[in-house]
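**Student:** Use the sequences and the hints to build the structure in full.
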Amino acid sequence: VTLEPGDTRSAREQLDAEHRRIFREAQRAADTIFSHYQLSQLLATHDRTRPMAAAVLDELMHVCDAAGGGIWLADPPNGELRLVARAGDELMPPTGELVAQLTTGADAAEDPWIVVALEDTGILALSAPSDAGHIDAAARRFLSLVRHELAGALRSAQLRETLELERTELSAIIENATDAILVFDAERRVTRANPAAARLFDRDARAIVGERCDVLYACAPIEAIGRCAPCPVARVLERAEPLDGEERIIVGNGGEPTSVVISYAPTRIGPEGPSRAVAILRDTSELARLAELRRGFLASISHELRTPIALIKGYAETLLHLQPDPSDARRYLVGIDDTTSRLGHLVQQILDATQLAAGQLVLDLEEVDLGELVRETVDQLSIGARAERPRLALAGALPHVRADRDRLRQVLENLLSNAQKYGDRTPIGVQVEASATAVEIRVSDDGIGIPADERELVFEQFHRARNVRERGMSGSGLGLAISRRIVEAHGGTLGFDPDAGSGTTAVLRLPPLGAADLRDATTLAPAGSQP
Amino acid sequence: MGTSAVPTELSIDAPAVRAYVRRCGEAVRRHADMLTRLDAELGDGDHGDNLRIGFSAVDEVLDAEHPETIGAILSSVGNALVTSVGGASGPLYGAAFIEAGFVARGMERIGVEELATLARAAADALARRGRCRVGDKTIFDALAPAADSLAASAAEHQPIPVALRRAVAAARQGMRSTRPLVARRGLAMRLGERSRGHLDPGAVSCFLMVRALALPAVDE
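In order, the protein sequence lines correspond to chains A and B. In case it helps, our numbering puts the first sequence at residues 1 to 531. In case it helps, our numbering puts the second sequence at residues 1 to 220.
Please note that the accuracy of each hint is not assured.
Said to hold, decoys possible - Which residues of chain B face chain A? A few of them, derived with a C-beta cut under 7 Å, are:
| hint | residue |
| --- | --- |
| 1 | PRO91 |
| 2 | PHE102 |
| 3 | ARG196 |
Claimed, not checked - Cβ pair distances, simulated, as ranges:
| hint | chain 1 | residue 1 | chain 2 | residue 2 | range |
| --- | --- | --- | --- | --- | --- |
| 4 | B | ARG37 | A | SER156 | 29 to 39 Å |
| 5 | B | ARG30 | A | THR45 | 43 to 53 Å |
| 6 | B | ALA152 | A | ASP75 | 55 to 65 Å |
| 7 | A | ASP47 | B | ARG133 | 51 to 61 Å |
| 8 | B | ARG190 | A | ASP136 | 24 to 34 Å |
| 9 | B | ARG165 | A | ARG86 | 45 to 55 Å |
| 10 | B | ARG133 | A | GLY133 | 18 to 28 Å |
| 11 | B | ARG133 | A | GLY96 | 46 to 56 Å |
| 12 | A | ARG86 | B | ARG37 | 29 to 39 Å |
| 13 | A | LEU145 | B | THR83 | 20 to 30 Å |
| 14 | A | ASP120 | B | ASP63 | 48 to 58 Å |
| 15 | A | ALA138 | B | GLU193 | 46 to 56 Å |
| 16 | A | ARG86 | B | THR83 | 34 to 44 Å |
As the list claims (entries may be wrong) - Residues from chain B that keep clear of chain A, each with C-beta distances beyond 10 Å, as calculated:
| hint | residue |
| --- | --- |
| 17 | HIS31 |
| 18 | THR36 |
| 19 | LEU62 |
| 20 | ALA64 |
| 21 | GLU65 |
| 22 | SER84 |
| 23 | GLU108 |
| 24 | GLY111 |
| 25 | THR117 |
| 26 | ARG128 |
| 27 | ALA154 |
| 28 | GLU156 |
| 29 | GLY197 |
By construction, these hints were calculated from the structure, which means they are not laboratory data. All residues carry an ideal CB built from backbone N, CA and C; glycine is no exception.
**Tutor:** In structure tokens:
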């Protein structure tokens with residue numbers, strides 16, 4: 001509209017109206033841009049999905065003058081829509097209905113609810129206020145303007161949360177792994193070391209970080225190339241291929257060498273990303289120890305089993321082929337009987353040791369009069385024994401203990417038979433005393449004794465003291481190991497008195513009945529978990 | 001360069017409006033650090049700096065374009081603020097000045113009645129753009145009472161000095177009312193309950209601009 005000098009008043013009014021219209025339009029456009037700005041700012045200041053969705057919904061309801069609404073996001077694993085934010089009190093249609101409204105592409109202008117797809121991240125629905133009946137066109141235009149940005153921001157927040165969760169899980173795995181884990185960067189320097197690595201190298205994990213592999217492994221690198229000729233870390237980084245089964249001896253800060261087997265895996269994000277190598281170091285010392293133990297077991301058990309079997313076979317063959325006179329025959333039969341008893345005892349010991357190793361010792365606890373049990377055991381053992389009857393010294397009024405009678409008898413038998421066997425026919429003393437905290441049984445002899453440095457080792461399975469081995473004395477090396485386990489399961493201790501002078505004095509302590517420290521556990525933990 | 005107090009005038013002309021705008025700039029510059037400090041507690045800590053930059057742009061535009069009418073001056077101020085101020089305050093104050101400028105087109109001198117009309121237009125535009133109401137802890141909490149006060153003074157045919165004094169008192173009251181409020185708009189929303197106990201920096205800067213109306217004028 002242009003104005004000429006002679007124009008009427010209505011023409012001026014027309015021009016003014018036009019002016020006003022243009023101004024209003026420009027201001028509305030600016031309002032929309034400002035709303036968009038505010039929404040972007042809100043997206044930028046939230047990093048968690050749910051608070052972000054709640055704030056977005058609130059803002060959009062404000063901008064679109066909506067009475068209520070909701071935001072549903074697709075759950076990553078199956079794409080199922082999950083309500084993450086809702087506002088307003090009115091009844092919300094079922095999700096399926098909203099999705100149907102979205103997918104039919106029906107013109108939503110007159111619908112009480114409008115539904116907007118947030119790309120493949122989810123959907124957004126807003127309800128019209130009851131007085132208007134529908135969301136106006138400007139608001140709908142605004143929603144279609146911002147929905148891509150909303151989808152992107154919500155997707156990023158979801159992704160961030162997923163990554164964070166995965167990182168937390170992964171960290172927990174790495175931090176709690178029993179294998180040492182190291183990450184090397186492209187310069188072969190450690191960027192991460194878990195607590196197991198700190199234990200292996202006997203240093204603070206933070207001190208390990210930054211160290212190059214040759215320093216950490218204490219290799220002798222070739223100066224010119226700055227690494228060992230066959231450097232496994234360099235190889236993994238260069239070839240981007242995994243490497244398994246590298247054997248290495250790690251000498252920790254404390255000077256203790258540990259055998260490890262190392263597996264390497266390369267990691268890289270994209271072809272241009274920084275290259276790293278993850279190393280997992282498994283301590284194989286325990287495996288080596290177990291293998292040694294197995295060898296000891298086989299050597300000692302095969303000898304122990306073969307000897308009585310050969311004896312029995314010898315007696316039986318003599319009886320079969322030589323038809324000895326009745327008195328000799330009886331002697332052979334007694335020999336077979338004795339030897340089978342010994343064999344049976346040995347088999348029982350092996351079974352016990354196996355059970356203990358598997359943590360399957362079940363105690364049948366009852367109140368036991370220790371003095372009476374000791375007397376019984378001594379009496380039984382004295383019947384038919386060639387040796388002198390042990391001297392028994394029982395203090396009066398001994399407290400009772402809570403124990404498995406048969407298992408405790410087994411321990412006493414083991415201590416007494418050891419005293420007989422290694423006592424070199426010296427007198428055996430059994431002394432039972434009680435204090436406020438313990439009932440103590442001491443079984444002593446004046447025999448060959450145990451070398452001081454082996455007083456603890458003899459409680460290890462299959463370990464036999466060197467003076468016993470030198471004398472070629474038979475035995476499985478299991479008795480004391482089993483006995484200690486049984487005593488410990490009762491909350492007691494079993495050891496040798498280092499100050500007892502010549503010979504050997506075994507000391508068994510049990511808590512008296514009612515003592516506060518009596519363990520209630522009736523099952524042993526597996527052998528591996530014992531210190 | 002002598003000074004004369006605006007309140008002694010019977011009506012306000014274009015040079016007086018121009019002088020008012022310059023006084024706004026001075027007030028903002030003088031208190032920019034305080035505004036920024038307040039904003040650091042509730043928002044992103046840039047309100048004072050943003051307004052300082054905005055009013056430098058306003059000065060440049062006034063110097064370069066020499067808008068002659070009251071409407072043109074106010075529109076230029078609004079446009080300069082919208083295009084130069086980062087954050088929400090530029091578009092919000094911009095909307096207020098632009099709207100006032102549009103309503104003021106054709107006015108050569110303004111009395112209390114016109115002042116009330118312009119203030120109402122500015123407040124409505126700001127509320128529309130920010131989608132805010134009184135009590136949301138925003139600029140509007142200081143601007144709306146000032147506009148209401150001017151409307152009341154116009155109805156009572158109060159002289160300019162009285163009307164301005166009352167408007168300043170109303171804006172001060174409105175600014176102070178934001179302290180116990182929980183923010184419902186803007187970045188401070190993030191803080192929720194923690195936004196309580198702080199003055200809204202927007203309400204403070206708005207009070208400063210309302211107060212500039214009643215300050216002694218500096219002749220250009």
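**Student:** Would you mind marking each hint as holding or not holding in the structure?
**Tutor:** Okay, the hints, checked on the actual structure:
Checking PRO91/B against chain A by beta carbon gives a least distance of about 5 Å; that is within 7 Å, so the hint holds. Hint status for PHE102/B relative to chain A: holds, with the closest Cβ pair at about 5 Å, below 7 Å. The interface hint given for ARG196/B is violated, since its Cβ lies 19 Å from the closest Cβ of chain A, which is over the 7 Å cut-off. Checking the proposed 29 to 39 Å range against ARG37/B and SER156/A shows it holds: the Cβ atoms sit about 32 Å from each other.
One distance hint, 43 to 53 Å for the beta-carbon pair ARG30/B and THR45/A, is violated here, with the actual separation near 30 Å. Distance hint check for ALA152/B and ASP75/A: the Cβ-Cβ separation is about 57 Å, which falls inside the suggested range of 55 to 65 Å. The hinted range of 51 to 61 Å is not satisfied by ASP47/A and ARG133/B, whose Cβ atoms lie roughly 29 Å apart. Under the hint 24 to 34 Å, the C-beta atoms of ARG190/B and ASP136/A, about 29 Å apart, fit the expected range.
Taken as a hint, the range 45 to 55 Å holds for the pair ARG165/B and ARG86/A, whose Cβ atoms sit roughly 49 Å apart. Distance hint check: the CB atoms of ARG133/B and GLY133/A are about 23 Å apart, consistent with the given range 18 to 28 Å. Evaluation of the 46 to 56 Å hint for ARG133/B and GLY96/A yields a failure: the beta carbon distance comes to about 37 Å. In this structure the supplied range 29 to 39 Å holds for ARG86/A paired with ARG37/B, their Cβ-Cβ distance being about 38 Å.
For the pair LEU145/A and THR83/B, the supplied restraint of 20 to 30 Å holds, since their beta-carbon distance comes to about 21 Å. Checking the proposed 48 to 58 Å range against ASP120/A and ASP63/B shows it holds: the Cβ atoms sit about 53 Å from each other. Between ALA138/A and GLU193/B, the C-beta spacing of about 33 Å breaks the proposed range 46 to 56 Å. Checked against the given bound of 34 to 44 Å, the beta carbons of ARG86/A and THR83/B, roughly 39 Å apart, stay inside it.
For HIS31/B, the requirement that its beta carbon stay farther than 10 Å from each beta carbon of chain A is met, with the minimum near 24 Å. Non-interface call for THR36/B relative to chain A: holds, since the shortest CB-CB distance, roughly 18 Å, exceeds 10 Å. Residue-level check passed: LEU62/B sits 21 Å from the nearest beta carbon of chain A, beyond 10 Å. Against chain A, the non-interface label of ALA64/B holds: every CB pair exceeds 10 Å, the least being about 22 Å.
At the 10 Å boundary, the C-beta of GLU65/B stays outside the reach of chain A, the nearest C-beta of that chain being 19 Å off. With a cut of 10 Å on Cβ distances, SER84/B stays outside the contact zone with chain A, its closest approach being about 15 Å. Against the 10 Å criterion, GLU108/B stays outside the reach of chain A, whose nearest CB is about 17 Å from its own CB. Every C-beta of chain A lies more than 10 Å from that of GLY111/B, the closest at about 22 Å, which supports listing it as non-interface.
Listed as outside the interface, THR117/B is consistent with that label: its C-beta sits roughly 15 Å from the nearest C-beta of chain A, beyond the 10 Å cut-off. Non-interface status of ARG128/B relative to chain A is broken: a Cβ of that chain comes within 10 Å, the nearest being about 6 Å off. Interface exclusion of ALA154/B from chain A stands, the closest Cβ pair being 23 Å apart, more than 10 Å. Remark: the non-interface label on GLU156/B is consistent with the geometry, its nearest Cβ contact in chain A lying 30 Å away (cut-off 10 Å).
No beta-carbon of chain A is positioned within 10 Å of the beta-carbon of GLY197/B; the least distance is around 21 Å.
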